[in-house]
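Chemist: Please model the entire structure based on the sequences and the hints provided.
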Amino acid sequence: MAVCVRQSRKSIINHVKAKMGLLGLTCLSSSMPSLNNDHRTLSAASLAKDFRNQNSVLENKPTLYRTRRFDSTKPHQRSGVQSNVASSQFLDFPGGKVAFTSEMRFISESPKERIPCYRVLDDDGQLIEGGINVGKEIAVKMYSDMATLQTMDTIFYDAQRQGRISFYLTTIGEEAINIASAAALTIDDFVVPQYREPGVLLWRGFTLEQFANQCFSNRGDDCRGRQMPIHYGSKKLNYLTVASTIASQLPHAVGVAYSLKMDGKDACAVTYFGDGGSSEGDFHAALNFAAVTEAPVLFICRNNGWAISTPTSDQFRSDGIVVRGEAYGVRSIRVDGNDTLALYSAVRAAREMAICEQRPILIEAMTYRVGHHSTSDDSTKYRPVDEIELWRSARDPITRFRKWIESNGWWSSEAESELRSNVRKQLLDAIQVAERTEKPPLVDMFTDVYDAVPSNLSEQEKWLRETIKIHPKDYPSDFPL
Amino acid sequence: MATIFQGLRGGAAVALTNSIDSKKLLSRSTSRSLSERKVSFPVVRSDGSVNLNPGGSNARARRVDQLITNAVATKADSSAASSTSKPGHELLLFEALREGLEEEMDRDPHVCVMGEDVGHYGGSYKVTRGLADKYGDLRVLDTPIAENSFTGMGIGAAMTGLRPIIEGMNMGFLLLAFNQISNNCGMLHYTSGGQFTIPVVIRGPGGVGRQLGAEHSQRLESYFQSIPGIQMVACSTPYNAKGLMKAAIRSENPVILFEHVLLYNLKERIPDEEYICNLEEAEMVRPGEHVTILTYSRMRYHVMQAAKTLVNKGYDPEVIDIRSLKPFDLHMIGNSVKKTHRVLIVEECMRTGGIGASLTAAITENFHDYLDAPIVCLSSQDVPTPYAGTLEEWTVVQPAQIVTAVEQLCQ
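Respectively, the protein sequence lines represent chains D and F. Here the first sequence stands for residues 1 to 481, numbered as in full-length UniProt numbering. Here the second sequence stands for residues 1 to 411, numbered as in full-length UniProt numbering.
Among the clues, some could well be false.
Claimed, not checked - Which chain F residues face chain D? A few, computed with CB under 10 Å, are given here:
id, residue
1, PRO109
2, ILE145
3, ASN148
4, GLY161
5, LEU175
6, LEU176
7, TYR190
8, PRO199
9, GLY213
10, HIS216
11, GLN231
12, GLU252
13, ASN253
14, PRO327
What the hints assert, rightly or not - Capping the alpha-carbon separation at 27 Å, the derived lysine-lysine pairs in DSSO-like fashion look like this:
id, chain 1, residue 1, chain 2, residue 2
15, F, LYS308, F, LYS86
16, D, LYS236, D, LYS265
17, F, LYS267, F, LYS134
18, F, LYS308, F, LYS339
19, D, LYS462, F, LYS338
20, D, LYS265, F, LYS134
Rather than coming from a laboratory, the hints here were simulated on the basis of the structure. This structure is a prediction, so every number in the text was calculated from the model and none was measured. By construction, the Cβ of each residue, glycine as well, lies at the ideal position given by its N, Cα and C atoms.
Modeler: Structure representation (structure tokens):
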């Protein structure tokens with residue numbers, strides 16, 4: 001007779017603790033902080049203190065068997081085999097000691113309570129408590145960039161609607177995730193984006209002209225006219241070119257982290273993905289790999305509730321994405337994605353941990369996709385308009401943060417209108433210029449497929465040029481050859 | 001940590017060789033198919049003579065008649081000649097691969113290996129044996145079982161300065177990595193506007209083995225040949241295995257190196273000096289006059305076996321191991337076609353959509369006027385590889401079929 005008992009996480013721990021005695025108690029509580037529902041103990045300062053001391057980490061090593069491999073590129077000494085002491089209480093299975101229990105108990109498929117969400121600013125932009133102190137300069141830059149991103153999205157979206165660009169994808173509602181996370185990183189941290197993170201580029205210095213050039217696919221485009229709009233990329237700013245494939249960038253991020261680890265750099269890889277992307281096989285493998293290879297990578301999930309028209313209830317049945325971290329052995333946290341300060345604090349702390357301890361961290365940022373999936377989508381078809389409006393106005397992350405900086409005396413409505421009108425003008429100018437700029441020349445179709453143009457591609461280019469010469473009317477007259 | 005050759009499009013090869021002690025390195029290269037590359041170091045021709053001015057057009061003409069005396073002759077002699085007075089050293093193909101790998105890992109600290117069981121286990125075919133002990137766990141990385149993931153990881157690492165060699169335990173498993181290979185590996189250099197290079201090597205054993213079952217007998221070169229942005233090479237002897245491995249690692253493009261499960265224990269004497277083989281070149285195995293036989297990988301040996309019979313019957317076949325599956329070395333192939341006017345392609349791929357099918361199309365398009373007879377292509381049937389020994393044998397092209405085909409072609 002099967003016994004299915006719904007148990008909260010806490011009582012499972014207590015049960016195991018009782019069996020394992022004091023040693024087990026110490027190991028469990030210190031190695032699984034995410035299980036501790038009291039988030040006040042996880043302030044950034046205390047975390048940084050605990051985990052900067054590598055030795056203390058090793059002493060508090062959980063009873064799970066774990067070799068400290070992947071430490072270096074030097075030949076290593078194999079660590080000694082663990083003792084063969086069998087006890088009536090637990091047995092050495094491959095993978096480590098496991099305690100026995102004579103009670104048949106199934107772990108519940110869902111917890112009694114969902115993992116709570118870390119938040120520092122309330123709905124009115126008032127500081128609740130905690131969080132890292134953010135100075136005026138950073139706070140104002142964060143706000144300006146969020147407002148710029150919002151304006152950019154509005155104007156480019158309209159440009160698409162007017163037929164000036166073929167496609168666009170907005171970040172409305174997720175500006176805080178973009179900018180706050182970018183602000184918490186350094187320029188050396190390599191970003192591997194999905195596609196809804198242009199704010200990170202904006203923070204790092206990508207100009208509005210560069211954004212426009214890419215969307216218009218003109219001669220100034222860094223991608224040389226080879227990719228759809230919003231597929232930005234910049235080697236200089238350590239931001240990998242966006243690829244349309246979902247979640248395929250997650251293993252790339254692990255590879256980047258592996259590379260940084262090999263070089264011993266004071267930097268980590270950061271990758272973003274959505275709630276939908278977490279269903280892809282690449283997500284599971286990447287998290288698993290990152291944990292096994294002890295790679296310094298931040299996995300930031302923008303759980304915005306929708307994957308085009310698929311709500312999260314149809315995407316997965318787990319408590320969001322944060323609970324999956326533990327399944328792979330990855331430390332994780334759930335954050336209010338519309339709270340700029342909370343995000344900033346969490347990403348700062350996560351980065352510290354990732355680099356000092358050489359481990360991956362999973363951050364689930366809860367938010368809402370206010371805009372449509374892209375210009376090819378009309379989300380009013382599958383979700384209520386008032387829900388969209390609620391998140392657009394009452395829960396707008398930018399307004400919330402603005403209230404906070406205004407309460408500090410760092411911002412004003414004059415500054416606001418000045419910023420908005422300046423950015424708007426800049427954008428409109430950028431679009432006008434980008435629209436008129438020449439498209440990339442024909443030769444760019446054939447370069448960069450390989451490092452040097454091989455003979456078969458040269459031939460194909462020659463054939464194409466001849467064809468154009470013979471049929472000039474079939475090709476656009478402004479097509480630069 | 002940025003990639004060394006980033007941005008040096010035309011001068012990539014120059015920068016590479018300038019960083020090598022040119023006295024130590026004797027390498028073969030060509031400026032033929034790679035019009036922008038300039039060669040500035042001595043080139044060892046395949047007959048051993050050294051050409052100090054390889055960029056000239058006379059070099060091009062002379063190359064046609066080159067014999068690779070090394071590969072064929074030493075293979076035939078390997079049983080008789082193991083005297084220590086001969087130059088070079090003898091080893092098996094998988095050891096040659098390892099030697100190439102080790103030399104490159106010594107030379108460049110950015111080179112690393114990742115794959116399943118490549119570390120302490122030494123690799124399923126022992127190609128990476130001993131490397132983990134020498135270079136550490138991080139540089140010879142054991143990965144969990146997720147081909148798409150470690151291929152993706154290799155791609156990510158390559159974009160930030162490392163030069164990974166990704167091993168598929170069997171080529172067939174790389175089907176799981178197809179998304180990463182096609183959409184990312186092949187494309188990201190292009191779509192990023194040339195900003196990010198992906199100098200990975202993806203290698204592994206493929207082809208029909210001894211009763212390994214259909215899933216472990218895949219010929220992935222047919223599936224991958226269409227992906228733009230990648231290069232494909234197939235090794236067949238210890239000499240070219242080591243040379244191609246080294247060349248692939250040094251290449252800035254993603255290269256897929258196809259090995260064959262049944263060729264790992266081939267023995268050959270290879271030079272002690274450092275050398276690399278050109279990735280885009282074919283190998284002249286046996287020059288002849290009557291018919292051009294194009295083949296690669298394991299089928300080369302079936303062809304050579306058939307060649308013995310054919311020679312006894314009075315035929316003079318020219319055998320070329322095409323080696324470079326993408327792009328084809330149409331220069332050597334074309335010159336051969338112009339000489340013999342008859343072409344037989346012997347491959348292990350399936351009839352439909354294999355390398356032979358593409359090669360047939362390429363030769364017909366370019367050298368149609370030189371052909372006296374339609375091109376004959378011998379391939380495996382369009383069936384999953386059966387397990388039973390006899391059935392498996394019939395699915396692969398056998399020397400007898402090759403002899404018959406040549407006889408019919410030369411009528």
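Chemist: Now, for every hint given, state plainly whether the structure supports it.
Modeler: Here's how the hints hold up against the structure:
no., hint, result
1, PRO109, "holds (7 Å)"
2, ILE145, "holds (9 Å)"
3, ASN148, "holds (6 Å)"
4, GLY161, "holds (6 Å)"
5, LEU175, "violated (13 Å)"
6, LEU176, "holds (9 Å)"
7, TYR190, "holds (5 Å)"
8, PRO199, "holds (9 Å)"
9, GLY213, "violated (24 Å)"
10, HIS216, "violated (22 Å)"
11, GLN231, "holds (7 Å)"
12, GLU252, "holds (4 Å)"
13, ASN253, "holds (5 Å)"
14, PRO327, "holds (5 Å)"
15, LYS308(F) x LYS86(F), "holds (26 Å)"
16, LYS236(D) x LYS265(D), "holds (17 Å)"
17, LYS267(F) x LYS134(F), "holds (25 Å)"
18, LYS308(F) x LYS339(F), "holds (21 Å)"
19, LYS462(D) x LYS338(F), "holds (24 Å)"
20, LYS265(D) x LYS134(F), "holds (23 Å)"
Hint compliance for this structure: hints 5, 9 and 10 are broken, all remaining hints hold.
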